[in-house]
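Since the structure of chain A is provided, determine the placement of chain B on it from the hints.
Chain order of the listed sequences is A and B.
Just so we're aligned, residue 33 is where the first sequence starts under the working numbering, counting upward by one.
Just so we're aligned, residue 33 is where the second sequence starts under the working numbering, counting upward by one.
Everything hinted at is true.
It does not matter which identical chain is meant; a pair holds if it fits inside one copy or across any two.
Straight-line C-alpha distance at most 16 Å; calculated EDC-like pairs for lysine to aspartate or glutamate: (1) Lys467 <-> Asp221; (2) Lys300 <-> Glu80; (3) Lys412 <-> Glu474; (4) Lys300 <-> Glu77.
These are computed hints drawn from the structure, not numbers from a lab.
2 protein chains.
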Amino acid sequence: MVAELLQIFHHYAYEAAAFLAGADAGVRVLVYLILILAGAKLGAELFERIGQPAVLGELIAGVILGNLTLINGHWDFFEPLRATVLTDHAAIGIDMLAKIGIILLLFEVGLESSVSDMRRVGISSFLVATIGVIVPFVLGYFVSTLFVTKVPPEILAVSPGFSVHNIHIFIGATLCATSVGITARVFKDMGRIQMPEARIVLGAAVIDDVLGLIILATVSAMISSAETGAGLSFFEIAKLTLIAIGFLAGALIVGTYLVPRLTKIAAKFRTQGLMLITAVLICFGLSALASEAGLAPIVGAFAAGLILEEIHFKEFGPNAGIRSLIQPVTTIFVPIFFVLMGIQVRLESFVMPSIIGISAGLILAAIIGKQACGLFVREKGVDRMTIGLGMIPRGEVGLIFASIGKGLGVVNDELFSAVVIMVIVTTFVTPPLLKWSVARAEKRSRQMKESDL
Amino acid sequence: MVAELLQIFHHYAYEAAAFLAGADAGVRVLVYLILILAGAKLGAELFERIGQPAVLGELIAGVILGNLTLINGHWDFFEPLRATVLTDHAAIGIDMLAKIGIILLLFEVGLESSVSDMRRVGISSFLVATIGVIVPFVLGYFVSTLFVTKVPPEILAVSPGFSVHNIHIFIGATLCATSVGITARVFKDMGRIQMPEARIVLGAAVIDDVLGLIILATVSAMISSAETGAGLSFFEIAKLTLIAIGFLAGALIVGTYLVPRLTKIAAKFRTQGLMLITAVLICFGLSALASEAGLAPIVGAFAAGLILEEIHFKEFGPNAGIRSLIQPVTTIFVPIFFVLMGIQVRLESFVMPSIIGISAGLILAAIIGKQACGLFVREKGVDRMTIGLGMIPRGEVGLIFASIGKGLGVVNDELFSAVVIMVIVTTFVTPPLLKWSVARAEKRSRQMKESDL
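Excised from the complex, chain A in its bound form (with noise of 0.2 Å):
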């Protein structure tokens, strides 16, 4: 009887996926967007619910939808999306909109912070935030060497011409940035958003960002010309980094003058929808600049929202909110990035010994890097250990800087499934150690109230 069901259902499994196979690239595109779209909202939902940040539920509902040809061959629908060099039209379609999503999100990111804000965050905030930057840097080096050199070469060597040590730097890279997002989120769901351990991380996330996406540029461009042959000096290195920081310094120094000027004669326009279109403009065009100057697009996202405040818009009347307006964009495209992400992940990697320990190692490393944060907090009576752990999460810069390594050809589908996965665990392991170590510092700060009395 259950054979029979199986085979049944089997068999209509088999059916549709032939069907969905078989479908124009038109169709397909709203079959991806609603099975990506429905995959995020339900993850999201379910890890709420547990008490885990919404992102992982679409992570993890990416990896689910990805991997469900291991379960059954027939259902390899996700495929296209997993080709290292998308062809099909449908993939390519997806591609672009995660792409826009991610460009969208790191503007929504930017929007939320403002220069005075980063001026603002303490030394205690840039120190952890340095430390919080170098040391994973230099672990995720390490465990790299001492574990991608034993993975079988034909599955390593993804591009020709490339030098082993690029992909340490790469993956050593990925583990730099803290995400803001998870780690405020944590701290406001506890209704702990004003504790000083709370300030020094999130002041300390921002800055952290922003180190990550030069330490990205750095990285990138390093690796670019790497594939031309010529080798990079370390005056090179320091030039490109200069590049990076003036970018985002010119940015936000001819912006803060350009941007209330373009605000302003937008709004004598009449045309319905110009606050909106006016601000994605900003956004994609300090994105391609960026690209152009040899950085991500999503650094030139970011300073466009750095850039960017409410009070540019007060001209187009009492009520008109960017965020209000962007928020609704970001919803429909940002989780098709994360969907995607998850589901790329192949998890038969993870059987080859080599790529499970390039995993654990990644994910130690990424831990472990952070709890050295706490040790430079000059303020007294601050709970190191928390400000260690409240620094765990990696998150979407990780995310950006896997994908970007696999488009460069520095990161071949392993080592991103390892990268992935070490996200998806950081991010899984913060929310209940944040409380319990909240919990025990505010009890043992009770205990020292009480003794003192």
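Just chain B now, kept in the frame of chain A:
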């Protein structure tokens, strides 16, 4: 001096074009989007200021962008978007965004009407709509037989094995549907949205849209089956018409039952953005279903919009408004479609006398065809000429017909250009004609009242 400046300008224009053509697909998508959205808004603004509909400005902005190469052979940046078969990744991405744009537009149009609205429009609207579909179709077919046969076969023959008969049918079909949006906008701008002529025309335009979608479904299916060599009997055409009507009716009946239950479940979710995602999923789901039933995806999107009412989302809270959430999304997506339609117009086609002939013939057929409508109004004291003139503008549905026909291989680049020019001209002439006609009718009715006294 002038010659030198021109040469310098020419030099930089060449450099810019070469630079853009060499950029990678990710950057080019951003640059395409920037040029398309900026062009759309500049065009919309300009046309609104001279009292013309914004959509016309978007179409003409597209025509200018796409035909820049005629001014300067090096400005061929938009050529990848004009290819009959798209191969460039950036072009595939933009095409996908435009397709999603038109689906979301029809969804929004559907949201603005409801099933009960459709029932309320009177018998006059129904007669006006039916006549306004049949007469232009017949005239368009006739124009096509007159001119298409004069087009050199090597230009006309886009797909082998197609009978010219199919081209006539498709050209006739592009003339059927009045654009609700443009007519409504003109009456609204004049403060005459409540006059009986406006009510009848707007009611007719809504029915017209549905009739147009049914015709599109039938015609596309006819041509697809003609492709396989099978002739279509009258019986089969009737069957296809019934499928189209059946899909719409079925979607409305099943949807009206299912949607409130679906939104009730969705309202129980805690994760963010679920109202918008639910609406978008219903829209994409019905679009994919329509497509699989052999209809155009927009038929499903329109049905989804008709089914969804604000009341279904009341459980999401008092401020829930699905239209205000979908608007920022359509603000970005929809202009991409109209500008892309303009970009694909090849102005160089208009050196061929036969193409000029077809365009002029189509424009005349489009305008004269709708003048028959006024004759069938039953209400007394209604100005028949105002009704005929109000039905003139063709818009999105005509363009969708043309672009689907292009995809099917019945409408070649030259015929496509002729149809877009027809849409532009009919939209362009309506506002001044309608303003004149309304003023004339009101003056006459005042004179009649005075002579009664």
